[in-house]
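Sequence lines, in order, name chains D and E.
Take the first sequence: its letter number 8 is residue 7 in numbering that gives the first Met the number 0, and every next letter is one higher.
Take the second sequence: its letter number 478 is residue 477 in numbering that gives the first Met the number 0, and every next letter is one higher.
Calculated from the structure, these hints are not laboratory results.
Computed from a predicted model, the values in this text were never measured in an experiment.
Built from N, CA and C at the ideal position, the CB exists for glycine as well.
Heads up, some of the hints might be wrong.
[To be verified] Footprint (simulated), chain E over chain D, 3 or more residues, beta carbon under 8 Å:
#: 1; segment: 15-23
#: 2; segment: 79-93
[Claimed, not checked] So the derived list for chain E, only partly shown, Cβ under 10 Å to chain D, looks like this:
#: 3; residue: G110
#: 4; residue: Q189
#: 5; residue: L596
#: 6; residue: A597
#: 7; residue: S598
#: 8; residue: R599
#: 9; residue: V602
#: 10; residue: I605
#: 11; residue: G607
[What the hints assert, rightly or not] Calculated Cβ distances over 12 Å to all of chain D for the following chain E residues:
#: 12; residue: A57
#: 13; residue: E160
#: 14; residue: P200
#: 15; residue: P273
#: 16; residue: K365
#: 17; residue: P438
#: 18; residue: A456
#: 19; residue: E498
#: 20; residue: R562
#: 21; residue: G595
#: 22; residue: A601
#: 23; residue: M604
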Amino acid sequence: MIEIALAAAALLFFVGLTLILLRRSLVFWLLGAELLFNAALLVALAGGARWHAISGQVLALFIMALSGAALAPSLALLLRVRRELGTLNVDGLRLLREREEQDD
Amino acid sequence: MTDWLFLIPAFPLLGALINALFGEQLGPRWCGRLATAMPFFSSLVVLAIWLGPGTQPALLERLWTWMAVGDFRVDVTLRVDDVSLVMISIASFVGFLIHLFSQQYLRGDYGERRYYFYLNLFVAGMLVLTMANNLLLLYLGWETVGLCSYALISHWYREAENAWAGRKAFVVTRIGDTTLLLGIFLLFAQYHTLTITSLLPLVAAHPAPALLLAASILILIGAYAKSAQFPFHIWLPDSMAGPSTVSALIHAATMVTAGVYLCIRLLGLFAAVPGMLEVIAVLGAWTAFFAASCGLAQVDVKRVLAYSTISQLGYMFMGVGIGAPSLGLFHLLVHGCFKALLFMASGAIILIYADDHDIRHMGGLKYRQPFLRWTFLAGIFALAAVPLISAAFYSKDAIINASFLVAGGGVPYALGLSGAVLTAGYAFRLYFLVFEGKPSELEEPYQMGWGMKIPLAILAAASIGIGWLQFPPGWPGPHLWVHWLAPELGLPPRPIGLEGGLLTLVGALATFLGIALGYWAARRERDGRGLSRWRFLASGWWIDGTILRVVPAPFYALARLLRGGVENLGVQALAQGGLRDGLRLSASALARGENGLASRYAVSMIAGLLLLLLLIWSWPL
Chain D
0 MIEIALAAAA
10 LLFFVGLTLI
20 LLRRSLVFWL
30 LGAELLFNAA
40 LLVALAGGAR
50 WHAISGQVLA
60 LFIMALSGAA
70 LAPSLALLLR
80 VRRELGTLNV
90 DGLRLLRERE
100 EQDD
Chain E
0 MTDWLFLIPA
10 FPLLGALINA
20 LFGEQLGPRW
30 CGRLATAMPF
40 FSSLVVLAIW
50 LGPGTQPALL
60 ERLWTWMAVG
70 DFRVDVTLRV
80 DDVSLVMISI
90 ASFVGFLIHL
100 FSQQYLRGDY
110 GERRYYFYLN
120 LFVAGMLVLT
130 MANNLLLLYL
140 GWETVGLCSY
150 ALISHWYREA
160 ENAWAGRKAF
170 VVTRIGDTTL
180 LLGIFLLFAQ
190 YHTLTITSLL
200 PLVAAHPAPA
210 LLLAASILIL
220 IGAYAKSAQF
230 PFHIWLPDSM
240 AGPSTVSALI
250 HAATMVTAGV
260 YLCIRLLGLF
270 AAVPGMLEVI
280 AVLGAWTAFF
290 AASCGLAQVD
300 VKRVLAYSTI
310 SQLGYMFMGV
320 GIGAPSLGLF
330 HLLVHGCFKA
340 LLFMASGAII
350 LIYADDHDIR
360 HMGGLKYRQP
370 FLRWTFLAGI
380 FALAAVPLIS
390 AAFYSKDAII
400 NASFLVAGGG
410 VPYALGLSGA
420 VLTAGYAFRL
430 YFLVFEGKPS
440 ELEEPYQMGW
450 GMKIPLAILA
460 AASIGIGWLQ
470 FPPGWPGPHL
480 WVHWLAPELG
490 LPPRPIGLEG
500 GLLTLVGALA
510 TFLGIALGYW
520 AARRERDGRG
530 LSRWRFLASG
540 WWIDGTILRV
550 VPAPFYALAR
560 LLRGGVENLG
570 VQALAQGGLR
580 DGLRLSASAL
590 ARGENGLASR
600 YAVSMIAGLL
610 LLLLLIWSWP
620 L
C-alpha cells in the first residue's frame, strides 16, 4: 500500500521538478513548487497511515496551510512583476546583477 | 585600617582619566585646575600618613590579585614604609607645586589638555612605582613614567628636534627597562617570588652568586638608564626640549629618582654580591665628577641644570654605594626641592628673554626681577652646597665625608670632592651670568602671578631649611633624619670629632673654591673667551656624539636588512603577491556563477541536492 503512495509521490515530485527545470515562466515555477509540496504531503499521509500515527495527518495539515500561505504572497509578487516588468520569464529578472558584466 | 592607601595613586589617575574622557567639555583652563587639584589631594593623604598611623610597622594594603599562574602570583599590594613615604611625599607635593606653576606658565600653549593628562599620569605612575610591593607592579609604574617622559619631552612636537629628543629619551631608557625586566625574570626563576619584602630575606638566606651577579648587573643598568648615569646619561641633556615644568617634574619629583629609589629598595640584593656596592660608589662618584665638569661649559641655561641633575644623581648613587643609603635618600629629597625650584625659575627666565636659552645673552636680571633672583639664588646655594645656609651642605657633604671613612672610599672621596668644586663652579657661573652684571637689552617685562610665586617661595624655603633636619654628627641641633630611617636602612658611617670637623672644613673650602671658579668663569664668558669654547667640555667629553655614531649604526643596518630581505621579498611577495592575487582569481571565478539567471540557479541547486544524496548513499555509515 505504502509503495504505491510513495511511487505516486515520487511521480508528483518528478513532474514538479521537470516543470521547474524546463519551463522559464514564473507561473509554471509556482505550479511546480505546489507539486513538490503535494509530493511531500502525500509521503506524510502515507507514513501516518502506515504506522498509525496521528503526526502524519498533523504534518499534512501543516503542509497544506504552509503551501497556501506561501502561495498567496507569491501570486501577489507575480502580479507585481508582470505589471512592472511586462514579462514573466524568470531569466528576465536580473535587476540586481552588476551592470558591466554582460556575459552570457 | 589602611584601606585608603590606594587613594594616593588613584587621585592623579582619576584626574588623567577625567581629562581624557571629558577634557573636551571642560576646556583647557579647567583641565589644568582639575589636574592641579589631584596631586594636592594625594599629598593630603600622604600628610594623613605623616600625622596619623606612621610607618612603624610599614603600612600595607592588598588591593587585588593581578595574575596567578602556578606559583607565579602577582598581587597589587601597596606598601608604605619610611623610604617610600619620603618618595611619595616628594612625588605628590613637589608634583603639585609644579602643576600649580604650570597654570600660568603654559597658559595659551597648544596641547594644554594633553600636557595635563600626561602630567597627572606621570605622577600616578611614579606613585605606583614607589608604593609597589611587587617587582612587576613596580615595573608597571616604571614603564608608565617612561612613556609619560617621552610624551612630555616631545610636547612641542611640531619642531622635529623636540620629537627627536623625546624618542632619544625613550629609546635610551628602553634599554634599561629591558635589562630590568630580564633581571626580574632571573630573580623569579631562582626565588619564585616577586614580592620585595619576601624576596630580600630569601636572597640573604640562599645566595646564588652567579645568578645574583647577573641579576644585579641587569637591574643596575635599568636604574642607570632611568637615572641618567654614565654612560646612559645621553638622553637627559636632550630632554631639555620639553617645557621647563616638565624638566622640573622629570628631574625633581619623578622619573630620574626612580633609579636611586630602586637601588635603595633592592639594597639587600646588591649587598649580597661582593664588590657590587663599591662599583656603584665609584661609578656614582665618577658620574658626579664627569657631569659637573660638563656643566661648567654649557651655554644653555637648561643644559647646565640637566648636567647638574646627572651629577647630583651620581652623589645619590655614591651614597647608596658607600653604605649610607639614608644620606642618599636625604640628598634625593633636598635635590628634589632645589632642582624643581631651579627648573621652574629657569622657565621663567627663558620666558623673560623671549625663548632665548643662551646665558651669554643674559645679565643683570636682579634689577628687574628681585623675587626671581632671591628664589633662584636659594636654589643655587643648595646646588653649590654653601655651608650652613643651604640644605645640600647637610646632605651632599655628608655623603662625601662619609665616603672618606669607608674602606676603599678614597677614589669616591677624591672624585666627589673635586666634583663638589666644579658643582659650585657651574652653579655660580650660571647665577653670575644671568643675574649679575649689566642688564641685557633683550629682557622683556614679565609679571609672575601668585601661581608661580608660591611654588617658588615654598621650594626656596625648603632648599635653605630642609637640611636642618640632620646636622652633621657632633653638632648641636636636630639629628632626626638618619635615626628615623635607621630601622629601615641602618646608620651610615659618620665622621666625628676632629676628623669630622676637618672633613666638614674641607667640604666648605671646596664650595668656596668653586664659587671663585664660577666667578672667574663667568667673567671670562662675558669677555667671549669662556669655558664654552672648550669643545671637549661643552660636548660632554664627546661621549654623546661617539655613542650616537657607534651604537645605532648596527641597528640601522639590521633594520635595512630586515626591510630589504624579510619585508620586501618575504612578506610583500608572499602576502601581497600570492595571497592577494589568489583571492582575486578565486573571487572572479566565483563571481562568474552569480549571473542572476534564476533558472540556472535552480539547476545548480538540484544538481547539488543530487550530489549530496549520492554522497549520503555511498558513504559507509
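Hint by hint, here is what the structure shows:
no. : hint  : verdict
1   : 15-23 : holds (count 4)
2   : 79-93 : holds (count 4)
3   : G110  : 49 Å, violated
4   : Q189  : 67 Å, violated
5   : L596  : 5 Å, holds
6   : A597  : 4 Å, holds
7   : S598  : 6 Å, holds
8   : R599  : 8 Å, holds
9   : V602  : 6 Å, holds
10  : I605  : 7 Å, holds
11  : G607  : 14 Å, violated
12  : A57   : 74 Å, holds
13  : E160  : 53 Å, holds
14  : P200  : 75 Å, holds
15  : P273  : 80 Å, holds
16  : K365  : 82 Å, holds
17  : P438  : 80 Å, holds
18  : A456  : 77 Å, holds
19  : E498  : 97 Å, holds
20  : R562  : 39 Å, holds
21  : G595  : 4 Å, violated
22  : A601  : 5 Å, violated
23  : M604  : 10 Å, violated
When the structure is compared with the earlier hints, violations turn up for hints 3, 4, 11, 21, 22 and 23 and for no others.
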